[in-house]
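Each of the two chains sits in its own frame; use the hints to bring them together as a complex.
Protein sequences appear in the order of chains E and D. 152 is the number that full-length UniProt numbering gives to position 152 of the first sequence; each next residue is one higher, with no gaps. 116 is the number that full-length UniProt numbering gives to position 116 of the second sequence; each next residue is one higher, with no gaps.
By construction, these hints were calculated from the structure, which means they are not laboratory data. No residue lacks a Cβ here, since even glycine has one placed at the ideal position from N, Cα and C. Be a bit skeptical, because a hint or two may be false.
Claimed, not checked - Some chain D residues flagged as far from chain E (calculated, every beta-carbon gap over 12 angstroms):
1) Gly74
2) Ala91
3) Ala95
4) Ile98
5) Val99
6) Gly262
7) Arg305
Claimed, not checked - Under 7 angstroms between C-beta atoms, here's a sample of chain E residues computed to sit facing chain D:
8) Ala22
9) Ile24
10) Ala27
11) Phe48
12) Ala100
13) Val112
14) Ile122
15) Pro130
16) Ala153
17) Leu217
18) Leu236
19) Leu250
20) Thr254
21) Thr257
22) Leu258
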Amino acid sequence: MARTALRPLRDRVGSITSGALAWIYCALLVVPLYYFVVSSFKDNEQIFESPLALPGTWDFSNFGTAIDQAELVLAVANSVITTVAALVLTLLLALPASFALARSNGRLGRFVENIFALGFLIPSFAALFPTFLLAAALGLFHSRTFVVFLLPATALPLSIVILTSFMRAIPRELEEAASMDGASALQVLRQVYLPICVPGIATVLLLNFLSFWNAYLYPLILIGPDTAQRTIQVALPTLKVDAGTDYGVLMAGTLFTLLPVYLVYTVLQRQMQRALISGAVKG
Amino acid sequence: MTALTDVASSAATTPEPSPPPGRGSRTPLRERFPGFALPALVWYAVFMIGPVVAMVLIGFLSWPGMLVEPGFAGLSNFGRVFADEKFWAAAGNSAVQIVIGLPVMMVLAFLLAFYVVQKPRGHKVMRYLLFIPALISAPATAMVFYAILNPDGLLNGVLRPLGLDGTAWLANPSTALGAIIAVELWSGIGYSAVLIAARLDSVAPEIVQAARIDGAGDWRIAWGMYWPIARDFIGVVTMLQFLSMLFNSAQTVLLLTQGGPGTSTTTLSYLVYRKAFVETDLGYSQAVGLILFVLGLLGMGVIRRVLRASH
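Next comes chain D alone, as it looks inside the complex (with noise of 0.2 angstroms):
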């Protein structure tokens, strides 16, 4: 996830800062190429950009299996993943994924962090708490669930005694999705509204001291006061979250359902997996790969507009 982490927040910032003035006219030497960011650079073209590249480039390749010698295919890998029917299931899956779990967990967050930022008693605890689902690995976090879930694991044990009936939520086509999404909200939540309270920690006190005096409640002093002055900032942790749900959901997917029952657990980024190191077709895979790299630029477009400050 820290890979992610900061994707948002340099896209939603232009990356211009103006030099101080006069500095660069000093010495000469200054105006060189910064040699020493060289091994850093060749490291990351290596390893980062050739890959991406290569990503593009198979994904225009008739490439169906490690063994067979790769062609040139044009759009085809396109056409055949636009005819599939686990293209547009998987798609659905991920759209679902993001349009309920995103605004959802966003809300959630801002309300824990408004109510951490309260300094209500026992906030130190739950900033401590907050934290644990940042620590923990998607395979630990995975198995926790995995052992939860299964029919006769916690959630079900829980609501026996009440006379309700659990299910195997994982293997059952109408909840596994909602128990994938249900998996990113828990880890997701927590680490999100440590960072909405972050900012909203630098809100001055004064401020919200004098709108309790006018007699404004807790409801609008979070909506109307905090939101508003933290909306860019939300903006950014949006994006981030965004791009984990989209991008990383493949490896909550391959520990829990791998992506069944069905299709019905099957995002996007779980399809790429799955065509490249189950069914060896290369093509499509990078070019559902290169699909979603476009869908993941135009998702931070959207949030950015939504989310944009609004002062």
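Just chain E, same shape as in the assembly (with noise of 0.2 angstroms):
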């Protein structure tokens, strides 16, 4: 930090101390990310006794031992045909709405997009009674095919507020040059602006797939704990008991949740991170 050596010593010590603050925050966050990664290969009395050190040996049966109890392979098979699914639906549903949410600029079109955009302030969660009526009223309470629908419905404010934002820097002379060679509307979106808009595409795939994957709420209350529906994110919490939780295998259960999201991110770092920084300030 130190730049010059003649700072006075009440700023050395200040950019120290947001130094310290950063690094700690940093170890605070890395340590138990360690501690739950060696613990899930260890057993209950190795956690307990010596809860940062090494395993004695990297021995992979609290994976097995979890993945049988809550049968996480049936769940993240389910978690990823409904992100999957979802994904899919909130582009179909998104793309032609931003489609023409950037090319009006009549005053419908602004009342229409004023619309989703008060989306954000709707508390979702506090409707989730109503969400399940909504599912027990169509015949689809306990199934994954209710969230798949519900999804796409919270995603959409924040997907159409980004890829209209991306539409709209289109140039229309692009547009006008397709109409007058007869093309139609759905044309112009798909051979026009589709192929401009796929960093913004990118960016509410990935934002969606995070906030899809991660879902607790909604599938703990509208798919239930049917081992043949559940996600991943329901399943995880039934490896803490009330009486003698194993933690080695709780944590090994924790990680194996963790992989998808986490190789994602690691192959996508900069893509990921510039998606959720938008994801925020756009709008």
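And the structure:
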């Protein structure tokens, strides 16, 4: 930090504190993660006796137990199905909508845009119970299908805001040229707008992937405990038992849950960071 | 969390982009209803707006159980809510959570962001680490902290050799709420810091350089230069974290303490959940949901006033 040796003591103390603070927080981020990764290779006794020691042997049996006990493979499959279907549905709804909103600048278009913007204010969680009634009324209670329908609705406001702002940046001359060649609106969307919007679509996909994969309360209430349907986020906490949790197994299960997200993050780190930042900044 | 991500920004900026001059008049077609937006609009109305409207209506119904025929209750649900000690305990817990947790989170996030944008040694590693909590789901975070905070967990394991007595952090009424807030800080500070850092990155380094030459120290540069510049944006991030604390804390509470011991960790959003799905007192639950909704709007207004752009 110290750029010049002549700075007053107070400042050096100041920068040391802010640096120390930052690194302490980083340690607080890393230590729990380290703890839970090493714990997933130990049994309760080893975890309690020496929490931070490396495991004596790299024993993967906790993973096997966790996967069997909570049927995690099935749960991952359910999560994958739910997430992918919801992502596709979100794009099918959001892309034409953003296209229409980006091209319209009449009062109606702005009105529709504001309705979606209002969605950021809706505490969808507080309305969990009516959502549950809706699932029952549609005969889709205790099934993945309803969650696949619901998740896109929760993601529409953000997705539409991001995609619309991307599409607004497209010069209209491009579109007019295509229209002159007799292209329909759908063709204009497919052939002119979509290729240019790929970065925006990637952002929307990454953001929604995170929120769909990590969704907890909706799947918990709407899909319920049926092992054939439940997602990984609902399955994981079942490894916690009131009397006598096997912490090694619980941590192994947690690690298993995090792997897909972590893989995506490692491969697409830069894009993911940009997506998460723009997700909050857009609008 | 991402569902909420943008709440704040759209509320903070008036969504009235002035149309580019002369575009609207070119073809009459564009004045028509944006038809391609219709499917999304219908979808959104059915799955989001519908349930919220229903929540408001149910708040005025007497509906003591799923199998009971609901009847009109007028304001009596609200009467019951306001006469209920549990509600006030939950309101108190939510207040503590927000009044203490939120400022701590934002100040620490700002200082972290300030440190990161100076590009000290290791800042790339730091940016990578700060993102991690944003990736981890609520159940996974809760399970890790369940292991850390249990009587034989990491925290007590670290305290014991130091001669300190730990406690059952989640089962002790005097530490349980603090533990929940700590978990929220753990996952909220990093993401907020990254967002604020993205804003601070846009401050021209020449200005900072000039201030340094004039003898301004880190403390003054942080609070005297960066803070005013980023202030309205920090307001946006604050709103985002405020809504997340107010509405989403139910997940963490459900996973870690189920509101107990006693009512010591029952927050308002957990009360909504509990009354609906455990006690099936549906009118009560949705009345609290409505109160929560109003509190959310009020809180956003307050944050916006406090952290309004100062230039």
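Now for the hints, and whether the structure bears them out:
Every beta carbon of chain E lies more than 12 angstroms from that of Gly74(D), the smallest distance being close to 19 angstroms; the non-interface claim holds. Under the 12 angstroms C-beta cut-off, the non-interface status given to Ala91(D) relative to chain E holds; the minimum distance is some 15 angstroms. Against chain E, the non-interface label of Ala95(D) holds: every CB pair exceeds 12 angstroms, the least being about 17 angstroms. Every Cβ of chain E is farther than 12 angstroms from the Cβ of Ile98(D); the closest lies at roughly 14 angstroms, confirming the non-interface assignment.
With a least CB separation of 19 angstroms from chain E, Val99(D) remains clear of the 12 angstroms interface cut-off, as annotated. With a minimum CB-CB distance of about 17 angstroms to chain E, Gly262(D) clears the 12 angstroms threshold, and the non-interface call stands. Annotated as non-interface, Arg305(D) keeps its C-beta farther than 12 angstroms from every C-beta of chain E; the closest such distance is 17 angstroms. A least Cβ separation of about 4 angstroms between Ala22(E) and chain D falls short of the 7 angstroms threshold, and the interface hint therefore holds.
Given the 7 angstroms rule on beta carbons, the hint for Ile24(E) is violated: about 10 angstroms separates it from the nearest Cβ of chain D. Below 7 angstroms, beta-carbon pairs count as interface contacts, and Ala27(E) has none with chain D, the closest being about 10 angstroms; its hint is therefore violated. For the restraint placing Phe48(E) at the interface with chain D, the shortest Cβ-Cβ distance is roughly 4 angstroms, inside the 7 angstroms limit, so the hint holds. A hinted interface residue such as Ala100(E) counts as satisfied when its beta carbon comes closer than 7 angstroms to some beta carbon of chain D; here the least separation is about 3 angstroms, so the hint holds.
Hint status for Val112(E) relative to chain D: holds, with the closest Cβ pair at about 5 angstroms, below 7 angstroms. Restraint check, Ile122(E) versus chain D: the minimum CB separation of about 5 angstroms is within 7 angstroms; hint holds. Among the interface hints, the one on Pro130(E) holds; its C-beta lies about 4 angstroms from the nearest C-beta in chain D, closer than the 7 angstroms criterion. Here the hint on Ala153(E) is kept, as its CB sits about 3 angstroms from the closest CB of chain D, short of 7 angstroms.
The closest approach between the C-beta of Leu217(E) and any C-beta of chain D is roughly 6 angstroms, which is under the 7 angstroms cut-off, so the hint is satisfied. About 5 angstroms separates the beta-carbon of Leu236(E) from the nearest beta-carbon of chain D, less than 7 angstroms, and the hint is met. A distance limit of 7 angstroms between C-beta atoms decides the matter here; for Leu250(E) the minimum to chain D is near 6 angstroms, and the interface restraint holds. Nearest Cβ of chain D to the Cβ of Thr254(E): about 5 angstroms, under the 7 angstroms cut. The hint holds.
For Thr257(E), the interface hint holds, the least distance from its beta-carbon to any beta-carbon of chain D being 5 angstroms, beneath 7 angstroms. The beta carbon of Leu258(E) comes within 6 angstroms of a beta carbon in chain D, closer than 7 angstroms, and the hint placing it at the interface holds.
Violation of the numbered hints given earlier is confined to hints 9, 10; the remaining hints are satisfied by the structure.
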